[in-house]
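From first to last, the protein sequence lines stand for chains G and Z.
Note that this note's numbering has the first sequence beginning at 7, numbered continuously upward.
Note that this note's numbering has the second sequence beginning at 19, numbered continuously upward.
Don't read these hints as lab results, they were simulated from the structure.
Ideal Cβ placement from N, Cα and C applies to all residues, glycine included.
Incorrect hints may appear among the rest.
Here are the simulated lysine-lysine pairs, DSS-like style, with alpha carbons at most 30 angstroms apart [to be verified]:
1. Lys77/Z / Lys37/Z
2. Lys85/Z / Lys160/Z
3. Lys77/Z / Lys26/G
4. Lys52/G / Lys136/Z
5. Lys70/Z / Lys26/G
6. Lys160/Z / Lys87/Z
7. Lys185/Z / Lys105/Z
8. Lys85/Z / Lys52/G
9. Lys77/Z / Lys54/G
10. Lys37/Z / Lys171/Z
11. Lys160/Z / Lys105/Z
12. Lys136/Z / Lys26/G
13. Lys37/Z / Lys54/G
14. Lys37/Z / Lys44/G
15. Lys77/Z / Lys136/Z
16. Lys105/Z / Lys45/G
17. Lys52/G / Lys70/Z
18. Lys52/G / Lys193/G
19. Lys54/G / Lys44/G
20. Lys45/G / Lys177/Z
21. Lys171/Z / Lys52/G
22. Lys54/G / Lys70/Z
23. Lys77/Z / Lys171/Z
24. Lys85/Z / Lys37/Z
25. Lys87/Z / Lys70/Z
Every beta carbon over 12 angstroms from chain G, so not counted as near; a handful from chain Z, in silico [claimed, not checked]:
26. Gln48
27. His55
28. Asp62
29. His65
30. Tyr104
31. Glu166
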Amino acid sequence: MITDEMIAEAALELNAAMLKNLPDTDCCSHAFSVGFEKKMNRLIRKAKHPRLYTFAQRAACILLVLILGFMALLAVSPTVRAGVLGWIKEQYETVNSYFFVGDPSSYEPTAYYIGSMPEGYTEIISNDGAARVARIYANEDGNWLNFSYTTTTDRTMYSLETDGYHVREVFVQGNPGELYLSEDPAKNNSLIWCDEEKQVVFCLSGLFSREELLQIGESVTAGAKK
Amino acid sequence: MMIYLMMIDSPQDRSKFEKLYREYRGLMYQVAYEILHNEQDAEDAVHQAFVKIAEHIEKIEDAICPKTKGYVVTVIESKSIDLYRYKQRHPTEELSEDALGITIDYDGPNILAKCMAKLPANQRTVLLLKHLHGFSNREAGKIMGMTEANVIKLHQRGKSRLCALCKEEGLL
Chain G
7 MITDEMIAEA ALELNAAMLK NLPDTDCCSH AFSVGFEKKM NRLIRKAKHP
57 RLYTFAQRAA CILLVLILGF MALLAVSPTV RAGVLGWIKE QYETVNSYFF
107 VGDPSSYEPT AYYIGSMPEG YTEIISNDGA ARVARIYANE DGNWLNFSYT
157 TTTDRTMYSL ETDGYHVREV FVQGNPGELY LSEDPAKNNS LIWCDEEKQV
207 VFCLSGLFSR EELLQIGESV TAGAKK
Chain Z
19 MMIYLMMIDS PQDRSKFEKL YREYRGLMYQ VAYEILHNEQ DAEDAVHQAF
69 VKIAEHIEKI EDAICPKTKG YVVTVIESKS IDLYRYKQRH PTEELSEDAL
119 GITIDYDGPN ILAKCMAKLP ANQRTVLLLK HLHGFSNREA GKIMGMTEAN
169 VIKLHQRGKS RLCALCKEEG LL
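So here's chain Z without its partners, still in its complex pose:
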C-alpha cells in the first residue's frame, strides 16, 4: 500500500516545491522583512507562507515563472501582514503602520489595475488569489487564514472599493 502511494505522487510535484523554495526564499524573506523589520519574524512568515504554498502545490504549473513569482509574493505579503497584526496584539517592539503591505507603482494604461494597486493589501490579495491565480473562496481562505465567509465579505468590500476608486478616476 505504502509503495503504491509513493508511486502515485507525481515526481514533478515532488521536485516543484523544492525548486520553488530554492528560487524564491530569499525574495520572500526580503518582502517579509520589509513589512516586519525583524529577522526572526520574517523567517517565521516565510515558513508559514511555504506551508500554505505546499498545501496547494498542485495549483502551480511552473515553479519558475512570473505568475508563480507573483503568487509567492502575494502569499508572503499576506502571511507577513498576519504576523504583523498578531504582533500588534502581542507587542514586543514598535512596528510602524506604514510598513503594512508592499507598495506597487503601476504606471500603465489600465485604470482598473491602477485602482487595484491602491487597494488595502488584504483586499488586493483576495482579488489576486481569486482572479489571477484561480483559487476558490475556500482555498483563498486557507491561504489567508480566514473563513470562506470572511473571504466572500473581503472580496465584496474589495470590489466595492475598486468601483469607488474607478469612479474617482472617471472609469465608471
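If we strip away everything but chain G, and leave its shape as in the complex, we get:
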C-alpha cells in the first residue's frame, strides 16, 4: 500500500534529482523575440495588479452591458432620446470615447471646411461616410492633417487614446472641446469639440501645436470650401 505521505516524500526526492539534472539558471541565457517580450511585459503588468485587472475586466463587461442597454433604449424611446441629447464622454483605461446623440427633427446636414488651411497642405483623401465625413490633407514632407465631423444625430462615436497624452479642456468657437497633446513630439496632437446647436462633433489631428490646432479649429466654417 502506497500512502500519500510516501508519495510526498518520494516526490521531494524526485524533485531534487530533477533539479540536479538541470543546468544552473545562470547558464541558460536566450535572446527572446520581441513578440515574446511584449507578451510577457503585458503579463507582468497583469500579475502585478491581479485584483485590479479582474476588477477592470468585470467593470468593462458591466459598462458594455450598460452602454448596449442604453443604446437600445435610445433606439426605441423618443422620450429617452429627448432627455439625453448632447455629447457624453466615457473614460475607460487608456481610451476616451465620445458619444453624440442629437435630435434628428432639427438637424440640417451641412458640409464643413477648414477656413484657414496650414500652408503647404492639400487635400489627398476625402471620404463622405454615412455617419462621418473625413478629409485628409498632406504637405510636401508627408505630414497629415486629419479633419472629420459627424453627419448624423444617431449614436455617433469618437474614441481617442489617452495613454501618453495630456488632455486639456478648451473652447472652440465658443463650444466645449478637449485637446490631446502627445508627450511624444513625433505623434499627432488632436482636438475634438462639439457644436451642440449644429449637432456636430468635429475632430482635428496632426503634427500641430496647441495654438495651431485651436487656430485651425476656429477657422472651420460651414458650406464654402476655401
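Mind docking chain Z on chain G? Use the hints.
Just chain Z now, kept in the frame of chain G:
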C-alpha cells in the same frame, strides 16, 4: 475603489512574478526547446507556462528556491508536451516521440522515487503538482489544461502504474 484594490494587492506578489520570470525564463526555454526543438514553439510554451504560473502566484512562497525551480520546470514540461501533442495533430514538421518529457536520472535510495522517475511525464506531473506542490485536482487541471475529472483519472492511473513499478522493484 480602484485605489483600494491597488492597495490590497500584496506588494510581495507583485514583485514575485517578475523575479520568477527573470530567474527562470532561460531555463524554461531550454526545457521547452529540448522537448519541442523549435524556437518559436519553445517561446510559446514558456509564455503559456508563465500564464499558468501567474494564475497561481499565491501558491509560491519564495520565488528563488529549489521547490519553486522544480515547480516551474514541471509546468513548462507539461505545457511543452501539450504543445507537442497539438503540433502532432497539426504537424508542420517532424517531431520525435523520444523528445516527450524530460529525463530524470534518480540514483538515490528511495525506490518509490526511482519508480516515479519512470512514469510517463503527465502522470509524474500530476503526482508532483498534487503531492509536492499542494495543488488541488481543480488547480492541477487548470495548470495542465484538463478537467478535474481527467486529473482524478490521471492521478489514479499514475498511482496504479507506480504500484506496478514498485512490485517489479520488490517494494510491495
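Tested hints:
As the CA atoms of Lys77/Z and Lys37/Z are separated by approximately 15 angstroms, the hinted pair is consistent with the 30 angstroms bound. At most 30 angstroms may separate the alpha-carbon atoms for a hinted pair to count; Lys85/Z and Lys160/Z meet this at roughly 20 angstroms. For a cut-off of 30 angstroms, the pair hint linking Lys77/Z to Lys26/G stands: about 23 angstroms separates their Cα positions. A threshold of 30 angstroms between alpha carbons decides the hint, and for Lys52/G with Lys136/Z the separation of about 38 angstroms lies outside it, so the pair is violated.
With a C-alpha separation of about 24 angstroms, the suggested pairing of Lys70/Z with Lys26/G holds against the 30 angstroms cut-off. Only pairs whose Cα atoms come within 30 angstroms are accepted, and Lys160/Z paired with Lys87/Z is accepted, the gap being roughly 19 angstroms. The straight-line distance between the Cα atoms of Lys185/Z and Lys105/Z is roughly 36 angstroms, outside the 30 angstroms bound, and the hint therefore fails. Using a Cα cut-off of 30 angstroms, the hinted pair Lys85/Z and Lys52/G holds, with the two alpha carbons roughly 24 angstroms apart.
At most 30 angstroms may separate the alpha-carbon atoms for a hinted pair to count; Lys77/Z and Lys54/G meet this at roughly 15 angstroms. At most 30 angstroms may separate the alpha-carbon atoms for a hinted pair to count; Lys37/Z and Lys171/Z exceed this at roughly 35 angstroms. A hinted pair counts as satisfied when its Cα atoms are at most 30 angstroms apart, and Lys160/Z with Lys105/Z qualifies at roughly 20 angstroms. Annotation: proposed proximity of Lys136/Z to Lys26/G holds, straight-line Cα distance about 16 angstroms (limit 30 angstroms).
At roughly 11 angstroms between alpha-carbon atoms, Lys37/Z and Lys54/G fall within 30 angstroms of each other, so this suggested pair holds. As the CA atoms of Lys37/Z and Lys44/G are separated by approximately 17 angstroms, the hinted pair is consistent with the 30 angstroms bound. With a CA separation close to 27 angstroms, the supplied pair Lys77/Z and Lys136/Z stays within the 30 angstroms bound. Of the supplied pair hints, the one linking Lys105/Z and Lys45/G holds, its CA atoms being roughly 21 angstroms apart against a limit of 30 angstroms.
With a CA separation close to 13 angstroms, the supplied pair Lys52/G and Lys70/Z stays within the 30 angstroms bound. Straight-line distance between C-alpha atoms of Lys52/G and Lys193/G comes to about 27 angstroms, which keeps the hinted pair within the 30 angstroms bound. Only pairs whose Cα atoms come within 30 angstroms are accepted, and Lys54/G paired with Lys44/G is accepted, the gap being roughly 16 angstroms. For the hint linking Lys45/G to Lys177/Z, the alpha-carbon distance of about 38 angstroms lies beyond 30 angstroms, and the restraint is violated.
Distance hint between Lys171/Z and Lys52/G is unfulfilled; the C-alpha atoms sit about 33 angstroms from each other, more than 30 angstroms. Proximity of Lys54/G to Lys70/Z is assessed by CA-CA distance (about 15 angstroms); at most 30 angstroms being required, the pair is judged to hold. For the hint linking Lys77/Z to Lys171/Z, the alpha-carbon distance of about 24 angstroms falls within 30 angstroms, and the restraint holds. Between Lys85/Z and Lys37/Z the alpha-carbon distance is near 15 angstroms, which keeps this suggested pair within the 30 angstroms criterion.
Only pairs whose Cα atoms come within 30 angstroms are accepted, and Lys87/Z paired with Lys70/Z is accepted, the gap being roughly 15 angstroms. Under the 12 angstroms C-beta cut-off, the non-interface status given to Gln48/Z relative to chain G is violated; the minimum distance is some 5 angstroms. Every beta carbon of chain G lies more than 12 angstroms from that of His55/Z, the smallest distance being close to 14 angstroms; the non-interface claim holds. At the 12 angstroms boundary, the C-beta of Asp62/Z falls inside the reach of chain G, the nearest C-beta of that chain being 8 angstroms off.
At the 12 angstroms boundary, the C-beta of His65/Z falls inside the reach of chain G, the nearest C-beta of that chain being 5 angstroms off. Annotated as non-interface, Tyr104/Z keeps its C-beta farther than 12 angstroms from every C-beta of chain G; the closest such distance is 18 angstroms. No Cβ of chain G comes within 12 angstroms of the Cβ of Glu166/Z; the nearest lies about 18 angstroms off, and the non-interface call holds.
Of the numbered hints listed earlier, those contradicted by the structure are 4, 7, 10, 20, 21, 26, 28 and 29.
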